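Chemist: The primary structure of each chain is shown beneath.
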Amino acid sequence: MLEAIQLTKQYGSHLALDRLNLKVEPGEVFCLLGANGAGKTTTINLFLNFVDPTSGKALINGVDVAADPVGTKRFVSYIPEHVMLYRHMTGLENLEYFTGLIPGVKYSDEQLINLLRTAGLPEEATNRRVEGYSKGMRQKVGLAIAAAKNAKALLLDEPTSGLDPKASNTFSESIAEMSAHGVAILMATHDLFRAKESGTRIGIMRDGVLREILRCSEISHSELEQLYLHHMN
Amino acid sequence: MFLREWKFFYKLPIFWIVLAVSWLSLGLGGWNGYKRWSSQVTQARLLNQQFEATLARRQESLSKIEKAFASGHPETIRPSNLIWGVTQPQFISANDPPVSVLPAAPLGFLATGRSDTLPRSYTSSAFRGLEPNAPTTDDPVALLIGDFDLKFVVLAILPLILVLSCFDLLATEREDGTLRLLLSQPTSFRRLLLYRASVRGVLVGVSLLVTIVALAFAVYLASGFIWTGRLAVYTTVSEAYLAFWLLAAVGVNLLGRSGTSNSLLLGGTWAIMVIFLPGMTPVLAEAISPTPSRALYIDLARAARLEFYNAAPDEQGRKLQEQTMLAAFFKRHPEWAKEPNRQSLYLASKGEEFNLEVEKITKQFDAAREHQDKISASISVFSVTATVDQILTAISGNSDARQATFLRQSLKFFSRQKEYFWPRIFRNEVFRTSQFVEIPRFAFTEPSTQEVFQPLLPLGLVFGAWCASLTIITLWQLRRKPIL
Chain S
2 MLEAIQLTKQ
12 YGSHLALDRL
22 NLKVEPGEVF
32 CLLGANGAGK
42 TTTINLFLNF
52 VDPTSGKALI
62 NGVDVAADPV
72 GTKRFVSYIP
82 EHVMLYRHMT
92 GLENLEYFTG
102 LIPGVKYSDE
112 QLINLLRTAG
122 LPEEATNRRV
132 EGYSKGMRQK
142 VGLAIAAAKN
152 AKALLLDEPT
162 SGLDPKASNT
172 FSESIAEMSA
182 HGVAILMATH
192 DLFRAKESGT
202 RIGIMRDGVL
212 REILRCSEIS
222 HSELEQLYLH
232 HMN
Chain F
296 MFLREWKFFY
306 KLPIFWIVLA
316 VSWLSLGLGG
326 WNGYKRWSSQ
336 VTQARLLNQQ
346 FEATLARRQE
356 SLSKIEKAFA
366 SGHPETIRPS
376 NLIWGVTQPQ
386 FISANDPPVS
396 VLPAAPLGFL
406 ATGRSDTLPR
416 SYTSSAFRGL
426 EPNAPTTDDP
436 VALLIGDFDL
446 KFVVLAILPL
456 ILVLSCFDLL
466 ATEREDGTLR
476 LLLSQPTSFR
486 RLLLYRASVR
496 GVLVGVSLLV
506 TIVALAFAVY
516 LASGFIWTGR
526 LAVYTTVSEA
536 YLAFWLLAAV
546 GVNLLGRSGT
556 SNSLLLGGTW
566 AIMVIFLPGM
576 TPVLAEAISP
586 TPSRALYIDL
596 ARAARLEFYN
606 AAPDEQGRKL
616 QEQTMLAAFF
626 KRHPEWAKEP
636 NRQSLYLASK
646 GEEFNLEVEK
656 ITKQFDAARE
666 HQDKISASIS
676 VFSVTATVDQ
686 ILTAISGNSD
696 ARQATFLRQS
706 LKFFSRQKEY
716 FWPRIFRNEV
726 FRTSQFVEIP
736 RFAFTEPSTQ
746 EVFQPLLPLG
756 LVFGAWCASL
766 TIITLWQLRR
776 KPIL
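Read top to bottom, the protein sequences are chains S and F.
Quick note: the first sequence, position 1, residue 2 per our numbering, numbers continuous.
Quick note: the second sequence, position 121, residue 416 per our numbering, numbers continuous.
Pulled out of the complex, with its shape left as it was, chain F reads as follows (with noise of 0.2 Å):
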């Protein structure tokens, strides 16, 4: 049966079309994702191996300066480098400060999520504190199409493509009256419509799956290395959310109504899920919990540098700054108070003043953004495809919650950074070729399978709800006889 269904359809002009339209989308939107992914890859690889070859260079300076030493010829020594040099080791740290990179997401192919507009690297200076890198520039083409990675794909194209293919099952049939005829034969209704739907389904959900599986070869090829295990939960998803698509495709096609009904009705249920809604969430969310505007929070936050890093005018004036900075500093700080390095805790002080009072800025813009992140995820679960689009971006990697996590394992590498340069900047010590070695290296601990499908579980239990619903209203449907 399914073989006859599979023949009648690629007969029809329609066959190439979806054939084709699901290739092409496919293989643009697989490219766009592994080549954005590769960049990432490469930009990671970039900025670790540009960090160790500038301590290789420090490194050999110094091996050079502690040779001339040994061998009794100091005078070959540049003083520069003695006095404000690779000796000294708030050079390491101010000038070549140690890097935390976000590695690409294992799935980072399958799907670009907010993240990826965010810093992934921040140089982790011990006075200065976290600096986020310049973000990648970005295609300005993409940024006039939006991101057509495969989750665009799977969550947009592929049920218009269902829905285009789908939507006339048999409506043509029950028209010109070739339905009695197809239902004199030992069939019936349902099984002729559902091997129509599958056969159709078929060819889109096998075309996604071969897409993700040469695609997950390239990057295993690529990189050695693929999770199989959330790969296996992001196809099932994708192809449980086009089996959403195809079981409402039947649902509406069992209501017996005509073709251009049955089109209309699928055509704007497909664009009430996947434009209409998901596009005004961020409206409405912001209207119920409305988020200061990010300008006013980068002024903010310059304010507060120009405050912090512009000296005084006076020489009185430049004391009583550093006077009060360094008060501040040691009463957070009493174990600091008798090191002789005042000019480098002054510098450390003025970094950590500064931190704070920016962190001051930044919470009160994250609390707020953080209960507009709630009410869009409570205003899109009215919307299939908002929930499935936040399931697939966790799963791949690139949500918000991968970027605190590193955002969060940043922070504690620049707490490493101080407890192992503070100490050594501020008593004066003199750096040594074998403490390279020592330098504390970022290293991104990705978040645990349980960290990554936990807050999934509402969204989980939403997207099964919307299935358990259709299937319900498709089955009773289903119990009709049909209308001839």
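Chain S on its own, in the form it takes in the complex (with noise of 0.2 Å):
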């Protein structure tokens, strides 16, 4: 479902991806771990076509993003680290303009409560200006936002960073619910534990290169974290 073939990315002399060759197929979580400028954000930005590549592709649903940028985002949804939503409107006038961008998607109001209540926003939120909502709140209108797409796939770059740990549990076992329902996920994360609960795979990068790949059912936490040292080291 997610591709990347030698994808290469370069900012003036400085290589940020370096041949990086992934595929991530439906129902799978694949975590990049590194740490900041290795690379993960980059990856993300690509397969999004938010920057070109240098060289190599990358694929969504076999369609090369450069090719049919925006084709290819009707297979997949993106939460980012921050879900930055408009405030002056509540979390249901979001999801109403954010789904209103997908061609050919129509969804009723009730249907627009409902993912929201799915995602875990408290009903009495769902009428409310986006201006008083927590982080994980604006999460959750973001994982209701990806949902409405019913894309094959899902970017996330760092989508746990600065929740609580109750916050990050629910939003793991949201991607869990998606990750079973076919959906392929990549997802960027500086966190051990999140990736080793939530992944399939795991993706270690440094310096625009991916390391090494493990599978999360094969490998301790505590091994996880000696590794990620050690390729940090």
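Honestly, the hints are just simulated from the structure, not real lab data.
List of simulated lysine to aspartate or glutamate pairs, DMTMM-like, C-alpha gap at most 25 Å: (1) K136(S) to D471(F); (2) K306(F) to E111(S); (3) K776(F) to D19(S).
Simulated restraints on C-beta separations: (4) E470(F) to N115(S): 28 to 36 Å; (5) N234(S) to G472(F): 30 to 38 Å; (6) S553(F) to N115(S): 34 to 42 Å.
Here are some chain S residues pointing at chain F (derived, C-beta under 10 Å): (7) F51; (8) F99; (9) A147.
For clarity, every value in this text was computed on a predicted model and none was experimentally measured.
The beta-carbon is built from N, C-alpha and C at its ideal position, and this holds for glycine as well.
Two independent chains are provided; combine them into the complex using the hints.
Modeler: Here it is as structure tokens:
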């Protein structure tokens, strides 16, 4: 579903991503671990065509995102670290606006409220302006936006950073549910614990290079930490 | 997509500000223009009615005299009426001279031009020539704040509203990160930007369209006539001018700068185009090609009048003056040399001599002003606003060109007056009731479409060049990847 082939991004003399080869299958949660500047966000940016690759390809559902940037976004949802919504609008209005950007998709108010409820947003908050929302609540609206798209792939850029453990756990449950529905998930994170808990596979990146890929089921928390530190030093 | 952006826009406080300011300024501008146009219509009608009413009164007096003669009782006639009264053609020509009145421009409610400050009617006395009637006294408040008419709203206020509502089409989203979430949806930056801009543009553009249609309807109800073709051109040019500003806003938004930078860039452009350049144009034109002051012109014209209309101090001097002027007059018009009414011939010669002298002075001033106008027109191409200003003023019919046409036609009318009255006056003919219908009346012929639009061609090309360059720059910017 998500595939990177020799994907490279260079900013001037700085090589942000070096010949990344990666494939995330439907129902798989692939966690990218790495320090700041490792190339995690660049990978996501390339899949979203926010930047053009210097060489190589990023494919979504078999289609090169550089060739069809708008079309490929029908198959992919994205939740950034900070879900920044329109503060003057309510959660429901935000969801309505963002889902309105998807051609051919029209949800009734009831369906939208249901999406927010499923994402875990308290019902009383749906008609409240977003300016009063906590980060966790905004993240839930982001999740609802992603779910509304019925996308086959999900890109997450440090989605649990700054969330309290409970909110983080709820978020992970939602991810697991989406994965169970066959969604291919690529998650960039610093959170080793969350990566081990939610992921199917983990990739450790450093200086734009994917150093190692591990199966979550084959490694313990402490082993993952040791490996991670090993790659970082 | 458009409806969604529309729904999004009206949830923003700026929507209500844009709506309120647009409608207030359009309403005020439209009302002011209509008021001015309406007062010009009334003024023209009153002047014509006044002239016809005076003639009717004279005709009635003359009819009484004719009836008295016919009934064999001429003793009932007041002697003064026979010696110097309605039976004398010079009485009609000199005491109640015919007037030439410039009717309100059919689209004058859309734009005030420089012609509005010039005389809108002339009396055309057979002896003294063409004399401007006193211009209408301007409203002191209007003089202080300028003409807040529809053209001013189109040229200055609506672009400002567009600039204020479009400087941040997606800049805040870029700054706080919402843009990444937006662009993760199957839409593109340029689509979002263009739809957002078009929503704002449609709001302002439709408001203008509604105002123009409402005004035109009011004018049609009042006058029973509207120039639909020119109205359509005026509307198209105005909307194209607004589209120019919208395009400029899109272009600036594409630079990927912050909202503050965008507002400074757009606000600065607005200030240069709308205020600075048009304001500096007359100053620069005056510096490059100075014209003599209007006070000097008035002084010279006054001196000429004193010279010709002040009688010489003694009898001998008066006689000499009369002889000299008549000699010159007969040299120009040998056909009148044998006519008996010497007094009228002298008055006509004095009027003509004075007119010739004033014409010399006027010519100098006109030539200087014309040269300065050309320089102003050349400088104004640097401001799209000044260019469109000239186009809209000309289309509305309040341009200097229409005023010049009016003056030309008035002068022609004056010649017809002379042709009609001079033989009758100089030959001491008696004026008859039946002749009142023959007295020439002035009817203004509007300049033809070709006369109006041909001079606008270079201005239209300049405006077209502005729009084309901006479109090319914006299209080129649209091809670039958005800065996130």
